[in-house]
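**Q** Protein chains in written order, with the numbering used here: chain A, 61 to 530; chain B, 61 to 530; chain C, 61 to 530.
Treat each hint with caution, since some may be false.
Which copy is meant is left open, so a pair is good if it fits within one copy or across any two.
[As the list claims (entries may be wrong)] Pairs of lysine-lysine, BS3-like flavour, derived with a Cα cap of 25 Å: (1) K339 <-> K442; (2) K346 <-> K442; (3) K208 <-> K153; (4) K442 <-> K345; (5) K345 <-> K153; (6) K324 <-> K153; (7) K470 <-> K427; (8) K442 <-> K324; (9) K351 <-> K470; (10) K351 <-> K311; (11) K346 <-> K470; (12) K345 <-> K445; (13) K445 <-> K153; (14) K349 <-> K311.
Derived by calculation from the structure, the hints in this document are not laboratory data.
All of these numbers come straight from a predicted model, not from anything done at the bench.
This is what each chain is made of:
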Amino acid sequence: MTLANRSLITTDDLSNAEMEALFSLADRMSHAMDEQLGLCRGKIMASLFFEPSTRTRLSFETAMHRLGGSVITAADVGATSLAKGESIADMAKVVGSYVDIIVIRHPWEGAAKVVADYAGVPVINAGDGGHQHPTQTLCDLYTIRKEKRTIRGLNIALWGDLKYGRTIHSLIFALAKFGANILFCPTPGLEVPQHIIEKLTTEYGGEIAREEALTPMVKDGLFPVDAIYVTPSRPHQLAMMPGVNIKVELKRGIDALYVTRPQKERFTAAEQREELTKKYRVVDKKLLKGKAFQETVVMHPLPRVDELAHELDADPRSKYFEQAAQGVPVRMALISLLLGVTQVSVPAEDTSRKVDYPLYQQAVGPKCPNPRCVSVQETEAKYLKPEFKIVNREPLTLRCNYCEHGFEPKYVASAEWHEGRTATKTYHPAASRWAKRIKPENLIAFHSAEEAEAHGFKPSRDVKALQEES
Amino acid sequence: MTLANRSLITTDDLSNAEMEALFSLADRMSHAMDEQLGLCRGKIMASLFFEPSTRTRLSFETAMHRLGGSVITAADVGATSLAKGESIADMAKVVGSYVDIIVIRHPWEGAAKVVADYAGVPVINAGDGGHQHPTQTLCDLYTIRKEKRTIRGLNIALWGDLKYGRTIHSLIFALAKFGANILFCPTPGLEVPQHIIEKLTTEYGGEIAREEALTPMVKDGLFPVDAIYVTPSRPHQLAMMPGVNIKVELKRGIDALYVTRPQKERFTAAEQREELTKKYRVVDKKLLKGKAFQETVVMHPLPRVDELAHELDADPRSKYFEQAAQGVPVRMALISLLLGVTQVSVPAEDTSRKVDYPLYQQAVGPKCPNPRCVSVQETEAKYLKPEFKIVNREPLTLRCNYCEHGFEPKYVASAEWHEGRTATKTYHPAASRWAKRIKPENLIAFHSAEEAEAHGFKPSRDVKALQEES
Amino acid sequence: MTLANRSLITTDDLSNAEMEALFSLADRMSHAMDEQLGLCRGKIMASLFFEPSTRTRLSFETAMHRLGGSVITAADVGATSLAKGESIADMAKVVGSYVDIIVIRHPWEGAAKVVADYAGVPVINAGDGGHQHPTQTLCDLYTIRKEKRTIRGLNIALWGDLKYGRTIHSLIFALAKFGANILFCPTPGLEVPQHIIEKLTTEYGGEIAREEALTPMVKDGLFPVDAIYVTPSRPHQLAMMPGVNIKVELKRGIDALYVTRPQKERFTAAEQREELTKKYRVVDKKLLKGKAFQETVVMHPLPRVDELAHELDADPRSKYFEQAAQGVPVRMALISLLLGVTQVSVPAEDTSRKVDYPLYQQAVGPKCPNPRCVSVQETEAKYLKPEFKIVNREPLTLRCNYCEHGFEPKYVASAEWHEGRTATKTYHPAASRWAKRIKPENLIAFHSAEEAEAHGFKPSRDVKALQEES
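The following block holds chain A by itself, in its conformation from the complex:
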């Protein structure tokens, strides 16, 4: 199997088996850094950073150099061609015609997908706004796997700011995919968003136990945990009582503690006033002296500020600098696979789950409500058609194909029913019985009555009833 000519935009773009194959390649490469030198000779990587990031950029560029390739860099793009009003698609086509592979960081969510759609060469997402940062997740998983030999069935605790930070969100789904239990240990006020919890249970199976259920256990020598996601990957336990199950799982202690920096720059004004960072509990030697932490791998995506005490740097459990260092072999493996200069074999039966949602197929439809989504930016909306998956019917929920934000349109219509006859162009509340009868391929959705009527649709009786109610 080849990964050549594919792009990595979200962690879903690689199956578990493909990730495992990539990790094995990274292992081999890290043992003989210098021998890889000629692999990418003559290949050129464009390193396009529309947001500042020294660490990630240097890691990618180091990886390409270690493979013997060349790099062209734009670390200051914000101020240049984009300022002239050029679209991302145009930029992607031009740079894609120069180089063999593109690494892109951009503040707009979904921007990396647009680059991949237009560049004509493999594209790696190095962070697109608050959306995804999949190579960080690869490094995280690689570090856990290197230290614990597997990810399946491990107890991984996530610490600190679980609300903001693409790193944490990408990691949660990847851990679920690999069958780990996840302990959520947020700083109060920075809990993991509800939509992520929902996606976890609906798409990845497993169960969530909330703080209330945990309190007695947590008092048994563990530390403040807000909720636990118990993986379904150990099916024999699913029959047990949740409490008992969790107790069994936790008895082994915490396999990895993933500490995060408060993403202050994304805090709301209210959150800044609350001084949430003062509530941040520092991870230090004292915290880690309990029995549950004896075998814990301490991780951090870096940069750290104060949340992880310097005294831990010399602790053998601390692996955050190794985690950063492993960014190079992991990215070397990824680049060489996407460029097709290395092949890996992936077992035929790939057990990783991928939900196939129906696509929203009508030309008329809503815009993505996320203001940071690439599809609603002035320069991009000219040519980008909004694209959605229909991820739920009750309540009707669309997910943007660019930024992956989900939203619930208020009104619907069917493309089948009216077939050009204006008389039958009627729209209905999304929660009405009519809505459920519309086939996915015919579904038309609207954010508002105004939007529906602007497209020539008339309110159904249910709509009028609804409007009178409110």
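We have chain A; now place chains B and C onto it with these hints.
**A** Positioned in the frame of chain A, the structure of chains B and C alone reads:
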């Protein structure tokens, strides 16, 4: 013949035959990108951008990497050594002692020539203010030649902002040199400057037909044309009536349509108030559905904003992304020729025209009146001697050797007549009968009477008469 | 002998013999630039510039490319990860895990030492605030040696701003180490700081003759000299009368004139008001027409502004552009030595002097009073332990191991005397008889009485007497 150790500052630095040889080399290189890898091994290019430009910079750097060379980049130079008051000449000497070739973009007009004068290594002008951007012109010509096999005798339409933009100005002269007909289709208010029209007819021969003469023909199915430059390269037609001639030429339709972005950033305040961009006619499918456009190559130097509809991207006539992509092989060919690692053979009889104007040779003389000219900048004027060509005697017109701006000095004197005797140090109106009798090597010119008198010259009777008049 | 895996933070990090070996290697490399190409194949250099500097950065990067290595660059780091509050040590660990060698420029004094302490790979200081810029000094010495074949016994004049500028300070000590005589020719108000004069005589031997003594000689055809440092490297002359000695030394004329730019950006407000740059005497042909300058090598670290006339550029004595050019082979030699890809032999008996001062060893102690010292910055003080050398006992003087600033603490105590008993925790004036009796390993120093008392120390009788006095 070798191009080694030469610089490319303006399109005049290469003869037609040399450009043709360069294009043939670019053809060969583009067919085997990877095989060029070792050509520039061990050579280093400095990529010095004193103005932001991602696209051009990345194209040059890609070209050097494809040739196997190395690149050092300064993409942010504005804020650094220059801020300490260093001259361009000093910078050029130092960087020239490090590397094998220099690519420079600078906001001051003529700056690339100064770098070439002092660096001691080949220098490529990647844009010096509003003056020149010769490698863009090479890419433009290469694209036309690739699509149409020749440039001679083609009908090339230039669309949009023909007033600002070094790209258009360079291209006009290059097209004239290669014997193409040029159709000027400006956005109203952004017509091509008069001095360019004049240079076209005086230096390149050919004739200009204005809108009035064209109107009936244009109505015959063509589109709004402001003026047409008819090349003298088809001598048998020169004898014909201009109108008939043009009709014959245009019958074949438009071979290439070169669309440009409104250079808003250079608009005057008045032009901005006029909202000229609203008058910009968008090039779209509808415009191109006429018979004259059946075989038209649609071009654009990019970045585009709204002037070229996205719907054309999939049209087989659209070649603007190929045009950008060809920047790499064209620049590869150029770099390898200037570095002397590749040789090309150029036919002995080179038909391209080059006018040899007499040089202004006196130490006393005027400053260039262009405030963006490198020769009048505070840090540069200390060591740069103004240099001019005498491009016309009636009216007396000097052209700056740095920025190529032309101007008409008001007064003159002769170095021969006074020969150190103050009594005979007299100055005359530039338009007087005396002025015409001064030999070029003795000509002294002044912007004003004050300037002449500051150098110890006394007004002639003609000067006094002139001053009394006004 | 190998220099592999060592760092170059200050000029003291290399002995004279090691520098000589490096210069010989640079000679060999400069004669066959291209043949070095494969030496560093597969090695990666990180070029981290937290302050703008095009020239030095490009010189280092050129050197690495000439050796066949790769470079990753962060020329804009100020605005990125550091802005998130990361410590230099963390950054050093991460980048050190990516690459083989680090070049760092940073505004904080001592920052390069911190990088070297944590990176785990060789580190080269490319300028840390006003502290050091050792590779500039290597280039300076290399240029002198190339022109004059030796440095020992030469007369080197330093011209202009001798007060600010790490370049001058590093050079002074290096010249003293190599046994040159130094003529100080400052612009009035920009004399060399007194602490440098003191270090010169106490650590390097030799004698200083002040202007008063020089005046008659200087009038004998020399130029304004403020002071002369006469090297002890010619021991037979030490016995002579200073005046006679100096006369003999100067008879030969000036071997090198090292001109510097006024470091306006570091002037105090008062110095700016005084318009010291107007007092700057320009070095031009007229100045250099005297007999003493017949064989003078004219040098300048560049960039220059007005202090060195352009008319000298063509003078055969001018070597400042060669000096800049030699930055490449010198840095090539340095990089290849620190990476261990080249070995040099250094004579066993290395005559270069290195003073071994006792270290300050107590945990309690003063902070470095230099506000630009890396050890007192908010992000760094968390993990950096202050470190000092005890460079003098009368008056007690500590020198910071990071920024090398010296200071005189006002109070002292002994760790030996109190041994945990609070009753005997007494502090004394630094100038008292008790102070002198404290062994270096027991010395505790304080900036102020408050500081001593905050640590639980009580004033001695001498302290009280002192306080009553004032």
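**Q** The structure should be examined with respect to each hint, and the outcome stated for every one.
**A** These are the hints, each one checked on the structure:
Taking the shortest Cα distances, K339 and K442 sit within 25 Å of each other only across copies (20 Å), while inside one copy they are farther apart (45 Å). Taking CA atoms no more than 25 Å apart as the test, K346 paired with K442 passes between copies only; the shortest distance there is 18 Å, against 56 Å inside one copy. Proximity of K208 and K153 under a CA criterion of 25 Å is satisfied inter-copy only: 23 Å between copies versus 42 Å inside one chain copy. For the identical chains of this complex, K442 and K345 are inter-copy neighbours only, at 16 Å across copies versus 55 Å inside a copy, given an alpha-carbon limit of 25 Å.
Taking the closest pair of Cα atoms, K345 and K153 come within 25 Å of each other only across two copies (21 Å); inside a single copy the shortest separation is 51 Å, beyond that limit. Taking the shortest Cα distances, K324 and K153 sit within 25 Å of each other only across copies (24 Å), while inside one copy they are farther apart (35 Å). Taking the shortest Cα distances, K470 and K427 sit within 25 Å of each other inside one copy (13 Å), while across copies they are farther apart (64 Å). For the identical chains of this complex, K442 and K324 are inter-copy neighbours only, at 20 Å across copies versus 34 Å inside a copy, given an alpha-carbon limit of 25 Å.
Proximity of K351 to K470 under the C-alpha cut-off of 25 Å is found in neither arrangement, the shortest distances being 51 Å within a copy and 49 Å between copies. For a Cα distance limit of 25 Å, the shortest separation of K351 from K311 inside one copy, 10 Å, qualifies, whereas the shortest one across copies, 80 Å, does not. For a Cα distance limit of 25 Å, the shortest separation of K346 from K470 qualifies neither inside one copy, at 51 Å, nor across copies, at 38 Å. Taking the closest pair of Cα atoms, K345 and K445 come within 25 Å of each other only across two copies (19 Å); inside a single copy the shortest separation is 52 Å, beyond that limit.
For a Cα distance limit of 25 Å, the shortest separation of K445 from K153 inside one copy, 17 Å, qualifies, whereas the shortest one across copies, 45 Å, does not. In the homo-oligomer, the alpha carbons of K349 and K311 lie at most 25 Å apart inside one protomer (16 Å), although the nearest pairing across protomers, at 75 Å, exceeds that limit.
Of the numbered hints listed earlier, those contradicted by the structure are 9, 11.
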